[in-house]
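K.L.:
Sequence:
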Amino acid sequence: MGIMAYIALAVWISGSEYAGQYLRKIIAAVVARELTTFVNTAVLFGCSLLLQESVASFIQQQDIARIATVLLTKILYFFVGKILNGLLFERKNLVNWQWIVIGCSLVFSTVAGKTLITLSRDFPGIQMQEQKLMLLCVSCIWLMCLIMYFVVQQMSKDNQTKLEYELMKEKEKYSKESMEIIKRSNEELREFKHDLKNYLLPLQEAMETMPQSEMVKVWKKINQKIEDVQTLIQTGNSYVDSMINTKITFARSEKVDVKCTILSKIEGIDDLEFCTVFGNLMDNAIEAERKVTEKKEIIIFVEEKMGYLRLEIQNKIEKSVLNENSSLNTTKKDTSSHGIGHKSVKRTMEKVGGALKYYETGDLFCAEAVFPIKGYQCQKTF
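Start counting the sequence shown at 1; every next residue gets the next number (the working numbering).
Treat the hints loosely; a few may be bogus.
[Stated by the list, open to error] Straight line, CA to CA, 30 Å or less: simulated DSSO-like cross-link-like pairs of lysine-lysine:
1. 346 - 357
2. 295 - 169
3. 169 - 319
4. 291 - 221
5. 357 - 374
6. 221 - 295
7. 157 - 346
8. 296 - 265
9. 343 - 295
10. 221 - 173
11. 291 - 220
12. 319 - 291
13. 82 - 291
14. 173 - 255
15. 221 - 296
16. 157 - 357
17. 82 - 157
18. 220 - 162
19. 259 - 157
20. 157 - 374
21. 319 - 173
22. 343 - 296
23. 357 - 319
24. 169 - 265
25. 220 - 295
26. 265 - 319
27. 259 - 374
28. 173 - 259
29. 169 - 74
30. 343 - 255
31. 296 - 220
32. 173 - 351
33. 173 - 343
34. 169 - 259
35. 265 - 351
36. 291 - 357
37. 259 - 305
To be clear, the hints were calculated from the coordinates, so they are not data collected in a lab.
Given the sequences, and given the hints that come with them, work out the whole structure.
P.N.:
Next up, the structure:
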């Protein structure tokens, strides 16, 4: 085993600067070989310890116990390999119930094999025909474990396909809404251009004779028109743009003043995960602003800093939220969706390995989500 480890290390060092598909295949082959050796050794020593006889003596005997041991090593190699592959490459893709199925299959296979081996040795009076029947029963158990594993895998693929389809529909929905927003914004710009001409032409002629109070009123109307013209947010990600612009438009339709500052492109993070967090936090902020009687305001701030993307959404409050509702439970009459948005945000941030924080400062309730940027490399200056 030591020689194989040195070979794997030498291959990795010699080909590290050409790391790619071939190097991964070589390393995978070495790891598979080492895994086979490990499983075979573990099963042999386990069986010899269980039967209280030497490994050499156990290997030399050709009976049902020996056949069961060989089959057990193959079954365990399959499930241990799947667990190792899941831990190294598919940890984020496997959910809890998939891990439970794989783990239970491994345990059931081991128990069934060990039971057969023990019975065949502890009860030598059992006829060969009965031993073969026992081997057949245990083989059926192993087969059921394999079938259960592949059924779970197929269910997972079907769920993934369904999720991708739902995501595609959601993206299409927000794309349509974004196109409507762009169309409406262009119409507002044309109207503003037309109205601005009508305001400025007579103003230019009457500047010398118009009272100052009248001029102030005219300028206030012009400023109000400028404020009413919607500015579209552009981050470089069309799906994220659609989500942000849609939520901002909806908030403004609720008479909420929205200020949005984005200081970096939204790259290196999953757009669905970002939109899930942003959408739920915005929904919570808009819902909270419905309770505000005076100036309603939402502040959005996005920045990149040291390999992390920080999203902060602030909304006005008239009294402390965390003092009265520290768990942020829903206050809606319909409690069927009790806290779903908050749980979704928390689950998403845990999945991406980010951080989520709620706090209050003055008359503002703040929700801060920090996303780690994939592939970020810290640049050092020497």
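K.L.:
Next, verify each hint and record whether it holds.
P.N.:
Against the structure, the hints:
1. At roughly 10 Å between alpha-carbon atoms, residue 346 and residue 357 fall within 30 Å of each other, so this suggested pair holds.
2. Restraint check for residue 295 and residue 169: the C-alpha separation of about 36 Å exceeds 30 Å, so the hint is violated.
3. A hinted pair counts as satisfied when its Cα atoms are at most 30 Å apart, and residue 169 with residue 319 does not qualify at roughly 39 Å.
4. For the proposed pair residue 291 and residue 221, the alpha carbon gap of about 29 Å is at most 30 Å, so the pair holds.
5. Proximity of residue 357 to residue 374 is assessed by CA-CA distance (about 21 Å); at most 30 Å being required, the pair is judged to hold.
6. For a cut-off of 30 Å, the pair hint linking residue 221 to residue 295 stands: about 20 Å separates their Cα positions.
7. The straight-line distance between the Cα atoms of residue 157 and residue 346 is roughly 25 Å, inside the 30 Å bound, and the hint therefore holds.
8. About 28 Å separates the Cα atoms of residue 296 and residue 265, which keeps this hinted pair within 30 Å; it holds.
9. At most 30 Å may separate the alpha-carbon atoms for a hinted pair to count; residue 343 and residue 295 meet this at roughly 29 Å.
10. Note on residue 221 and residue 173: the hinted pairing is violated, with a Cα-Cα distance of about 35 Å set against a maximum of 30 Å.
11. With a CA separation close to 29 Å, the supplied pair residue 291 and residue 220 stays within the 30 Å bound.
12. Under the criterion of a C-alpha separation no larger than 30 Å, the hint pairing residue 319 with residue 291 is consistent with the structure, at around 10 Å.
13. Pair hint residue 82 plus residue 291 does not hold up; C-alpha atoms about 52 Å apart against a cutoff of 30 Å.
14. Taken as a hint, the residue 173 and residue 255 pair is honoured in the structure, with Cα atoms around 24 Å apart against an allowance of 30 Å.
15. The hinted pair formed by residue 221 and residue 296 meets the criterion: a straight-line CA distance of about 21 Å does not exceed 30 Å.
16. Pair hint residue 157 plus residue 357 does not hold up; C-alpha atoms about 34 Å apart against a cutoff of 30 Å.
17. Proposed proximity of residue 82 and residue 157 is supported: the alpha carbons are some 16 Å apart, at most 30 Å.
18. With a CA separation close to 52 Å, the supplied pair residue 220 and residue 162 exceeds the 30 Å bound.
19. Note on residue 259 and residue 157: the hinted pairing is violated, with a Cα-Cα distance of about 41 Å set against a maximum of 30 Å.
20. With a C-alpha separation of about 25 Å, the suggested pairing of residue 157 with residue 374 holds against the 30 Å cut-off.
21. Pair hint residue 319 plus residue 173 does not hold up; C-alpha atoms about 36 Å apart against a cutoff of 30 Å.
22. At most 30 Å may separate the alpha-carbon atoms for a hinted pair to count; residue 343 and residue 296 meet this at roughly 26 Å.
23. For the hint linking residue 357 to residue 319, the alpha-carbon distance of about 19 Å falls within 30 Å, and the restraint holds.
24. For the given pair, residue 169 sits about 24 Å from residue 265 by alpha-carbon distance, which is consistent with the 30 Å threshold.
25. Of the pairs offered as hints, the one joining residue 220 and residue 295 holds, with about 19 Å between alpha carbons and a cut-off of 30 Å not exceeded.
26. Proximity of residue 265 to residue 319 is assessed by CA-CA distance (about 35 Å); at most 30 Å being required, the pair is judged violated.
27. As the CA atoms of residue 259 and residue 374 are separated by approximately 28 Å, the hinted pair is consistent with the 30 Å bound.
28. Note on residue 173 and residue 259: the hinted pairing holds, with a Cα-Cα distance of about 24 Å set against a maximum of 30 Å.
29. Annotation: proposed proximity of residue 169 to residue 74 is violated, straight-line Cα distance about 43 Å (limit 30 Å).
30. Of the pairs offered as hints, the one joining residue 343 and residue 255 holds, with about 28 Å between alpha carbons and a cut-off of 30 Å not exceeded.
31. Taken as a hint, the residue 296 and residue 220 pair is honoured in the structure, with Cα atoms around 21 Å apart against an allowance of 30 Å.
32. Restraint check: the Cα-Cα separation between residue 173 and residue 351 comes to about 25 Å, which is no more than 30 Å; the hinted pair holds.
33. This hinted pair checks out: residue 173 and residue 343 have alpha carbons roughly 24 Å apart, not beyond 30 Å.
34. Annotation: proposed proximity of residue 169 to residue 259 holds, straight-line Cα distance about 29 Å (limit 30 Å).
35. For the hint pairing residue 265 with residue 351, the CA-to-CA distance comes to about 22 Å; that is within 30 Å, so the pair holds.
36. For the suggested pair residue 291 and residue 357, the alpha carbons sit about 22 Å apart, so the restraint of at most 30 Å is met.
37. Of the pairs offered as hints, the one joining residue 259 and residue 305 holds, with about 21 Å between alpha carbons and a cut-off of 30 Å not exceeded.
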